[in-house]
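Asker: Letter by letter, the chains look like this.
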Amino acid sequence: DIQMTQSPSSLSAFVGDRVTITCRASQSIDTHLNWYQQKPGKAPNLLIYDSSSLPTGVPSRFSGSGSGTEFTVTITSVQPEDFASYYCQQSHTSPPTFGQGTKLEI
Amino acid sequence: EVQLVESGGGLIHPGGSLRLSCAASGFDVSTGYMSWVRQAPGKGLEWVSVIYGGGGTSYADSVKGRFTISRDDSQNTLSLELSSLRAEDTAVYFCATMRYYEDHNGHHPFYYDFWGRGTLVTVSS
Chain B
840 DIQMTQSPSS LSAFVGDRVT ITCRASQSID THLNWYQQKP GKAPNLLIYD SSSLPTGVPS
900 RFSGSGSGTE FTVTITSVQP EDFASYYCQQ SHTSPPTFGQ GTKLEI
Chain Y
60 EVQLVESGGG LIHPGGSLRL SCAASGFDVS TGYMSWVRQA PGKGLEWVSV IYGGGGTSYA
120 DSVKGRFTIS RDDSQNTLSL ELSSLRAEDT AVYFCATMRY YEDHNGHHPF YYDFWGRGTL
180 VTVSS
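Residue numbers (our numbering), protein chains in the order written: chain B, 840 to 945; chain Y, 60 to 184.
In case anyone wonders, no lab produced these hints; they're calculated from the structure.
The structure displayed is predicted, hence computed values, not measured ones.
The beta-carbon is built from N, C-alpha and C at its ideal position, and this holds for glycine as well.
Possibly wrong hints are sitting among the right ones.
[As the list claims (entries may be wrong)] In silico lysine-lysine, DSS-like type, Cα no more than 25 angstroms apart, as pairs:
id : chain 1 : residue 1 : chain 2 : residue 2
1  : Y       : K123      : B       : K878
2  : Y       : K102      : Y       : K123
3  : Y       : K123      : B       : K942
4  : B       : K881      : B       : K942
5  : B       : K878      : Y       : K102
6  : B       : K878      : B       : K942
[Unchecked claim] Restraint ranges, calculated between C-beta atoms of paired labels, are given here:
id : chain 1 : residue 1 : chain 2 : residue 2 : range
7  : B       : S899      : Y       : S183      : 41 to 49 angstroms
8  : Y       : G101      : B       : S846      : 17 to 25 angstroms
9  : Y       : Y159      : B       : K881      : 22 to 30 angstroms
10 : Y       : V61       : B       : S846      : 29 to 37 angstroms
11 : B       : R857      : Y       : D131      : 41 to 49 angstroms
12 : B       : S916      : Y       : G67       : 35 to 43 angstroms
13 : B       : G896      : Y       : D131      : 29 to 37 angstroms
14 : Y       : A146      : B       : G855      : 42 to 50 angstroms
Just need the whole structure built from these sequences, with the hints factored in.
Answerer: So this is what it looks like as structure tokens:
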């Protein structure tokens, strides 16, 4: 199975800060990397797919990049509603696997 | 709009069985691709099982032989039968729809686009 490792595991930021979360794959996954945001007690919500594509409705302050084994998601100006957990997920090879998550705190 | 509603969770003794359901609206379960993903308390997300549009299935090694995914086309419902339950199966179980797309190389990866709110399964004596 492909292992996905996120860093950091937790992160503190102020409203308005620029924040970057990294996800590394144990082997190349091309650009087949998705990001999800999850708030406490809620289901995950798709944030970015195919490494850098934003679904309709996701604010433009979110961006993703990377290919191969290293990926990032960046929030250019963190808003109060962005404080949540973030997970990466690869769909390059079965089984699909997730990173352990990054908790973004105020 | 796609809506997924899970049900069937609860407290169950080790070794017991349980059936989870995921009622779908705005999405055709009979032809779509759907998965179960679980999240142990305070932990990350773990893929459990998938059912493909053609009916084929696949399972995580941790549940293979104990869990069975199925769908009821007449009820537009996805199910997960859990048996020989263990304490480590304690988790919120989410159903999710899968959307495949074509990438720049002509490959077809996917993402989970719609999720239910989840149902909690607690395995404890």
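Asker: The structure should be examined with respect to each hint, and the outcome stated for every one.
Answerer: Here is what the structure says about each hint:
The hinted pair formed by K123(Y) and K878(B) fails the criterion: a straight-line CA distance of about 30 angstroms is larger than 25 angstroms. Between K102(Y) and K123(Y), the direct Cα distance comes to roughly 21 angstroms. Compliance with the 25 angstroms bound is thereby established for this hinted pair. For the suggested pair K123(Y) and K942(B), the alpha carbons sit about 31 angstroms apart, so the restraint of at most 25 angstroms is broken. Distance hint between K881(B) and K942(B) is fulfilled; the C-alpha atoms sit about 14 angstroms from each other, no more than 25 angstroms.
For a cut-off of 25 angstroms, the pair hint linking K878(B) to K102(Y) stands: about 13 angstroms separates their Cα positions. About 10 angstroms separates the Cα atoms of K878(B) and K942(B), which keeps this hinted pair within 25 angstroms; it holds. Distance hint for S899(B) and S183(Y): a CB-CB separation of about 45 angstroms, consistent with the stated range 41 to 49 angstroms. In this structure, G101(Y) and S846(B) meet the distance hint of 17 to 25 angstroms, their C-beta atoms being roughly 19 angstroms apart.
In this structure the hint that Y159(Y) and K881(B) lie 22 to 30 angstroms apart at CB holds, the actual value being about 25 angstroms. Between V61(Y) and S846(B) the C-beta distance comes to about 33 angstroms, which sits within the given range of 29 to 37 angstroms. A beta carbon spacing of about 48 angstroms between R857(B) and D131(Y) agrees with the range 41 to 49 angstroms that was offered as a hint. Here the CB-CB span from S916(B) to G67(Y) is close to 42 angstroms, well matched to the stated 35 to 43 angstroms.
A C-beta distance of roughly 31 angstroms is found between G896(B) and D131(Y), which places it inside the suggested range of 29 to 37 angstroms. Distance hint check for A146(Y) and G855(B): the Cβ-Cβ separation is about 44 angstroms, which falls inside the suggested range of 42 to 50 angstroms.
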